[in-house]
Amino acid sequence: MAALKAGALLAQAGEAAMRVVEAPMNAVERIFGRKRMPWLFLAPNLVLFAIFTFLPIAIAVGYAFTGGTNLFVSERPFVGLDNFRTLLSCGNYLQPGTCQESLFWTAVWNTLWFVAFNVVATLLVALITALILNRAIFARGFFRAMFFYPVLLSPVVIGLIWKWFLDRNGLLNAFFQMIGVPPEIFLLDVGWSRFFVVVVSVWFHMGFYTLILLAGLQAIPKELYEAASIDAASPRRTLFRITLPLLAPNLLVVFILLMIKSVQIFDEAWVLTNGGGPGTANSFIVQYIYQMAFSSDLRLFGMASAASVLMGLVLLVLTLIQLRLGKRMES
Amino acid sequence: MNPISFMTRTRRAGRIDITDILSWVWLIGGTLAVLVPVVWAGLSSLKPAAEITRFPPTLLPRAAVERTVPSFDKPLSLWQVTVDGQQREMAMVRRIGLKAQMVDPANPGPPVSVDVKGMTPVQHLTVATENYTDPLTRFNFLTFLKNSVFVTMVATLLTLIVNAMAAFALSKYKFRGDTTVFVIIISTLMIPLAVVMVPAYLVIVGVGLADNLWGVILPTVASPTAVFLLRQYMLTIPDELIEAARVDAASEFCIFWRIILPLTAPALAVLAIFSVLWRWNDFLWPLIVLNSRENFTLQIGLNAFQGEFSVQWHYILAMTFLSLLPVTVFFLFLQKYITTGIAGTGMK
Numbered sequence: 001m002a003a004l005k006a007g008a009l010l011a012q013a014g015e016a017a018m019r020v021v022e023a024p025m026n027a028v029e030r031i032f033g034r035k036r037m038p039w040l041f042l043a044p045n046l047v048l049f050a051i052f053t054f055l056p057i058a059i060a061v062g063y064a065f066t067g068g069t070n071l072f073v074s075e076r077p078f079v080g081l082d083n084f085r086t087l088l089s090c091g092n093y094l095q096p097g098t099c100q101e102s103l104f105w106t107a108v109w110n111t112l113w114f115v116a117f118n119v120v121a122t123l124l125v126a127l128i129t130a131l132i133l134n135r136a137i138f139a140r141g142f143f144r145a146m147f148f149y150p151v152l153l154s155p156v157v158i159g160l161i162w163k164w165f166l167d168r169n170g171l172l173n174a175f176f177q178m179i180g181v182p183p184e185i186f187l188l189d190v191g192w193s194r195f196f197v198v199v200v201s202v203w204f205h206m207g208f209y210t211l212i213l214l215a216g217l218q219a220i221p222k223e224l225y226e227a228a229s230i231d232a233a234s235p236r237r238t239l240f241r242i243t244l245p246l247l248a249p250n251l252l253v254v255f256i257l258l259m260i261k262s263v264q265i266f267d268e269a270w271v272l273t274n275g276g277g278p279g280t281a282n283s284f285i286v287q288y289i290y291q292m293a294f295s296s297d298l299r300l301f302g303m304a305s306a307a308s309v310l311m312g313l314v315l316l317v318l319t320l321i322q323l324r325l326g327k328r329m330e331s
Numbered sequence: 332m333n334p335i336s337f338m339t340r341t342r343r344a345g346r347i348d349i350t351d352i353l354s355w356v357w358l359i360g361g362t363l364a365v366l367v368p369v370v371w372a373g374l375s376s377l378k379p380a381a382e383i384t385r386f387p388p389t390l391l392p393r394a395a396v397e398r399t400v401p402s403f404d405k406p407l408s409l410w411q412v413t414v415d416g417q418q419r420e421m422a423m424v425r426r427i428g429l430k431a432q433m434v435d436p437a438n439p440g441p442p443v444s445v446d447v448k449g450m451t452p453v454q455h456l457t458v459a460t461e462n463y464t465d466p467l468t469r470f471n472f473l474t475f476l477k478n479s480v481f482v483t484m485v486a487t488l489l490t491l492i493v494n495a496m497a498a499f500a501l502s503k504y505k506f507r508g509d510t511t512v513f514v515i516i517i518s519t520l521m522i523p524l525a526v527v528m529v530p531a532y533l534v535i536v537g538v539g540l541a542d543n544l545w546g547v548i549l550p551t552v553a554s555p556t557a558v559f560l561l562r563q564y565m566l567t568i569p570d571e572l573i574e575a576a577r578v579d580a581a582s583e584f585c586i587f588w589r590i591i592l593p594l595t596a597p598a599l600a601v602l603a604i605f606s607v608l609w610r611w612n613d614f615l616w617p618l619i620v621l622n623s624r625e626n627f628t629l630q631i632g633l634n635a636f637q638g639e640f641s642v643q644w645h646y647i648l649a650m651t652f653l654s655l656l657p658v659t660v661f662f663l664f665l666q667k668y669i670t671t672g673i674a675g676t677g678m679k
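The listed protein sequences derive, respectively, from chains A and B. Counting in the numbering used here, the first sequence runs without a single skipped number right up to 331 at its last residue. Counting in the numbering used here, the second sequence runs without a single skipped number right up to 679 at its last residue.
Pulled out of the complex, with its shape left as it was, chain B reads as follows (with noise of 0.2 Å):
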């Protein structure tokens, strides 16, 4: 068996050898790994919280049978028993080290003490709603979403104007220190946040923005990618169309507007589903810039409180799939744009 035959070869028709078989297991494979992660997280988040603890774990959620018994206060948990070599479903009273007390939910009598060895715990399918239920209630996560969607709003609108804007004026204009314009936003290209971060900081307190939604959008408006991605576009555009439009005394900013980008719109929609992608999976900037838990977007929110309630894995799951939704909902209807975008364009 050869590994790199099997990377090159080119299926022939009717037969199937080693190689398909390969890149068969290697596809599956991938896809396993890449679902199995979610989607167990995915039903883990269905889990009642004494459940999703369980080891070894089950696949589905399930929760015990609590029935309410004549004579007793709380609801007690069903039990498959063996008494007196027979099967029985019993209620369980109260548990002292091997043993358990047990009554027959249906004729209680006086309380009957079996071997937990021979007990298995009566169990039915529920989904615990309240996973998701009580985060949106209880702990903020309205309000986290409500500035995730704020800020992935504003921030891709502004995005696409102002570059749209400057990207105008780099490809249709010639004028004085055109070149250099475009030379000092690109090489910005290379500077990532990690670079300028603490100085970022220093000037957004500057200009008054700290521990403010706003601190967050406008440091990203300005991008040299969008700049560069909808100057290659504008420039297939021809010129002709802006002299036509000047002949019949059309404004500037009437043929940036009207004409331009509706015509850009291809590029704009490539730029406005990876804004919403940047936007919406944004950490390191807004965990520098966000202060007070009320302006937390969806993700520093959730990294704040897989911090604080490390033990509340139901709900720090549910608020996790929450907040993947939407992207994934994204991905299954765009999926084809987003790929040729990156392809194309080279960003992520």
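For reference, chain A alone in the conformation it holds in the complex (with noise of 0.2 Å):
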């Protein structure tokens, strides 16, 4: 009832709007011809494009080759590589505190580990938690939306809620005293911490992973399965010759997709870990970018942009092995 009344709502309304624009898009139609009308449609979509997407990106590989730190390309030093030179010159680059820019390198390598971590972690959990649902259980649409329901809230609240959980005096150390394990500040302790912004990774976004490798479970013919019991196939055999093969194009989208995902972390371990505490244990690459480039006292935009750049290009290099390999499924 409430849906029909909300949908003739939305019709009046639509009708207004209708009566609004109708003339002077007709009038339009009148002076230019039918044969321009597509430009017209295209046209508010293209001048938000070229305004608030291509100009940031032209603008973006400039902005690296500048210094100082006013905001206006035109009146920002130009510095060449120095940006550049100055992130990437490094004494020893597995240790952080050798480098120029201790800080970036840190980022670096945290972001590695987080996504080396997250990746394997989220994966796994997805793929056993579609296999589980892609079985006839009982209340599987249920299941199903109990884990995908993390992925809907936002990074914020889950912060905030897993800060709540993990407190001193929170839930998990009554039950660390309850099992007699002495509690601890998790999110103080540098091990405690990583951990757990994996497991609060984790915990957001599988239920999005699990949905698209369960949709390619349900794409595999039933019938591949019935030969394979009429065969007597173990369940082993099953698995690795039957439904791993034929998901794999699923588990590679889900492992690229995760990849770049994961690069890009930011909102939920900035508001869990306090921006990236202890220390810069989790301080992540797109913390260093936001922090270089909007802390009040920074504002090293050059810098930023540069590290944007790095970061673009290897974001671009695994888009791109992400497509070739798509191709290669599809063929």
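Treat the hints as calculated values from the structure; they're not laboratory data. Small disclaimer: the values here were computed from a predicted structure and weren't measured. There could be a bad hint or two in this list.
Stated by the list, open to error - Capping the alpha-carbon separation at 30 Å, the derived lysine-lysine pairs in DSBU-like fashion look like this:
| # | chain 1 | residue 1 | chain 2 | residue 2 |
| --- | --- | --- | --- | --- |
| 1 | A | Lys222 | B | Lys667 |
| 2 | A | Lys35 | B | Lys505 |
| 3 | B | Lys448 | B | Lys505 |
Take each chain as given, in its own frame, and dock them per the hints.
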């Protein structure tokens, strides 16, 4: 009933909007002719694209070659490759402390570790969940919705909920006390906090990847499993000879998507760890860029852009690999 | 016990084996892992400030029972104590080290000294509604909420219209450069905000939209994902409908508005759902654009609030819950459309 009412209201609003816009649009059509109408339809989109997407992309690279703290490109000194040189000069790349821009390399290594653990953990959890949800199990829809629910929440909300859960006086410590383990201040301990950033990330996003894998699993023809059961194939054989090979394209998409998304970790880690703490243990690349450019006392837009460009190159490579593999899988 | 067989075996009718049990352990464990932190934060948000950091925590929100006792100005807290080997309910006057001064609330005489070891507070269940009402009146919460609703609604409406128009042009017309335009739009799918956020902010400052809600809205409106989704859907609408309308002398805009848009309704609905979720949950971009408190969206406001008042968990949790509620209700009603939308389009 409510939906009907809302629909009727929407139709009325649409009718009113139509009356306002129709006359000028028709006038344009009379003046320029039908042939030019598609450009009129494209115009709002293209104008917004040009201003907020293409222009920034064009500026991004130029920015990386300038210094100073002035925001406007025309008033910034050209410094050539200096920003890149600063970012990339390092005594020993494995030890951020020996690098000129030690914060950048700390962020790079933190991000790489996060990506490695997060991709493996999320992929594994999502795959197991998808395989289980693909079975004829009671209340499947309920469980699928349950696992998916966190995907919709905001990273800020997730950060705060977990922060409360991991608080000194939080539920996890209460559980620890119950089983006789001394309480911890999880988010102030380097090891624990890194561990929980991955846990929270898996918790937050696994439902999305589960859904993609589940769609892939349901597309596998049932006849193959019937044939396998006639041949009395063991479950292990069925998994490795039928399910996983046929799921490979989806697994690959999930793997690459996960990599691309993991490299860009920012929101939930920022809220959960109070901006990358303890110290710089959870400071990631996007955070480095954000702080370089927008921390009130830094405003090093050139350095931030140079770091963005490097990150963009990595993402470009990942995307190209995805497209390449995607094409090969299709053929 | 073979972990692989438990993941793959299909259930045999009427028999429960180890793989079923493990599946159930996984499913129930997972459900608990999702629910426990959320429900726990929800229950905690109902606790009075004094109770919230009690350790070990109690499950339900409780508060000490207080009673006014004649000849004392302030209400006194009630305690269960053992005096002379007898259980009694007494009111505490003050506490000095390991001893407490107690009086009988019904019949206050000179205070009795009681060992604190044998005392337990008398508590009753309460719901600290002030955790929810205080932020509404005191901490700009309504402003944040208003801003978030404005951004979400306006951005979604514009996203639908602007991208539907573009998708219409790219799916129903043949013109010079149509493929080029489409490829250029789609190619921007690969560029994440993180890479262009510095120059994008420059543009926002350049067009005078810094610290303005429109600066949050406008850059998100033209979305390659939306163009792609809507175009794919519109391609399935037969061109004959448009031909017929043209024969009836309908204008191009009329064709778009009265024929194409209503027929694209299912795709528009999916896009609307996602747009609402994206904009409601946005964090990094508003964080960059918005500086002054009265322009904060809910997410930015919450984050700022937790930075400034990190000890006031009762308010933080209550506000967190208020911002989580719409999404949860949204999900309960639209669960099917959201999950099939994602499975079908792969967008999040």
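Verification of the hints:
With a C-alpha separation of about 24 Å, the suggested pair lysine 222 of chain A and lysine 667 of chain B falls inside the 30 Å cut-off, and the hint holds. Pair hint lysine 35 of chain A plus lysine 505 of chain B holds up; C-alpha atoms about 9 Å apart against a cutoff of 30 Å. With a C-alpha separation of about 86 Å, the suggested pair lysine 448 of chain B and lysine 505 of chain B falls outside the 30 Å cut-off, and the hint is violated.
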